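S.K.: Okay, here's what each chain looks like letter by letter:
Protein chains: 2
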Amino acid sequence: MQHLRHKPPRELLRPRELVLVCAPLRSNVNLSRIARAASCCGLTRIIASGHAKLDREVARDAVDVIQLEVRRSLPPVIKQLKAEGYRIVGLEQTTNSHDLHHYAFPRKTALVIGNERTGLTEELLATLDEAIEIPVWGLPHSYNVATATTMALYEYCKQFPDG
Amino acid sequence: MQHLRHKPPRELLRPRELVLVCAPLRSNVNLSRIARAASCCGLTRIIASGHAKLDREVARDAVDVIQLEVRRSLPPVIKQLKAEGYRIVGLEQTTNSHDLHHYAFPRKTALVIGNERTGLTEELLATLDEAIEIPVWGLPHSYNVATATTMALYEYCKQFPDG
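Protein chains in written order, with the working numbering: chain A, 1 to 163; chain B, 164 to 326.
Calculated directly from the structure, the hints in this document are not laboratory data.
Only a predicted model underlies this, so the values are computations on that prediction, with no experimental measurement involved.
Some hints could be false.
Reference excerpt, derived from the structure (chain B facing chain A, CB under 8 Å, subset only) [as the list claims (entries may be wrong)]:
#1 W300
#2 M314
#3 Y317
#4 F323
Note that the Cβ used here is the ideal one computed from N, Cα and C, for glycine as well.
Starting from the given sequences, assemble the full structure and let the hints guide the process.
M.R.: This is the structure:
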């Protein structure tokens with residue numbers, strides 16, 4: 001068995017139609033980790049709010065690939081995404097949230113990610129078509145925001161390996 | 164739709180039989196991120212080498228749950244795990260590595276994780292029963308080590324939701 005590090009990436013047959021929408025995060029390190037993972041998954045667009053900025057030390061080449069759109073307010077852009085046919089899916093434990101293990105993503109999904117401490121605000125929750133949650137079995141009973149986003153990215157890409 | 168943050172965790176019907184084996188990592192932040200995700204997934208054991216230490220700011224309560232065993236050398240403990248019936252699975256792009264999307268984990272799996280820069284050494288590659296790789300579609304063409312481990316944890320737990 002031999003190393004084959006940094007194999008050429010897979011080719012998407014069509015552009016990814018998954019967009020990330022990030023509430024203001026406490027940490028641009030978390031945002032940058034999300035951006036690196038998203039870029040590796042073939043995403044090209046992250047809409048964020050707050051003091052969002054990518055750190056090249058963490059996000060690496062994703063800084064050059066990911067189109068980071070920083071908005072003062074997220075509900076208008078979510079409304080626009082909805083008008084463009086995107087399903088607005090929050091990554092949050094809520095009443096009636098779906099288990100990510102059994103959730104079938106629509107190809108056109110806008111995944112809405114909440115703040116590390118406070119999650120999604122009432123204002124953002126009100127914009128969602130639905131929410132997905134990730135099973136937790138042990139302490140600290142909540143995944144880091146970038147870890148949770150990574151799991152959702154993985155599941156989406158498994159469902160749409162070719163874009 | 165209302166918040167239900169920090170719901171009670173799921174119960175495992177039997178203990179997790181997934182063990183993480185970490186080569187010396189450059190960053191204890193990465194190790195601590197892995198520990199938090201692993202603990203949330205119900206794992207209890209990480210075997211590491213090098214200057215492995217968990218940072219409570221990152222790993223949170225996982226520090227109190229995860230049994231971190233620091234060894235000078237990993238091949239002897241891998242040999243022991245193999246004798247106990249664990250399949251030794253490297254998380255690495257190698258010749259003949261399996262696609263994580265289509266890989267069926269044995270319940271008793273020791274997942275071997277390589278260094279951020281250099282991956283798994285020849286010495287560790289020689290101990291593996293097999294390797295799994297995660298599809299990449301875009302730059303920087305490689306996932307962060309904690310991100311990749313998160314994806315493997317997610318896939319294992321989806322296959323064994325009850326332990």
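S.K.: May I ask which of the numbered hints given earlier this structure violates, with the numbers listed in increasing order?
M.R.: Checked against the structure, the only hint that fails is number 4, while the rest are satisfied.
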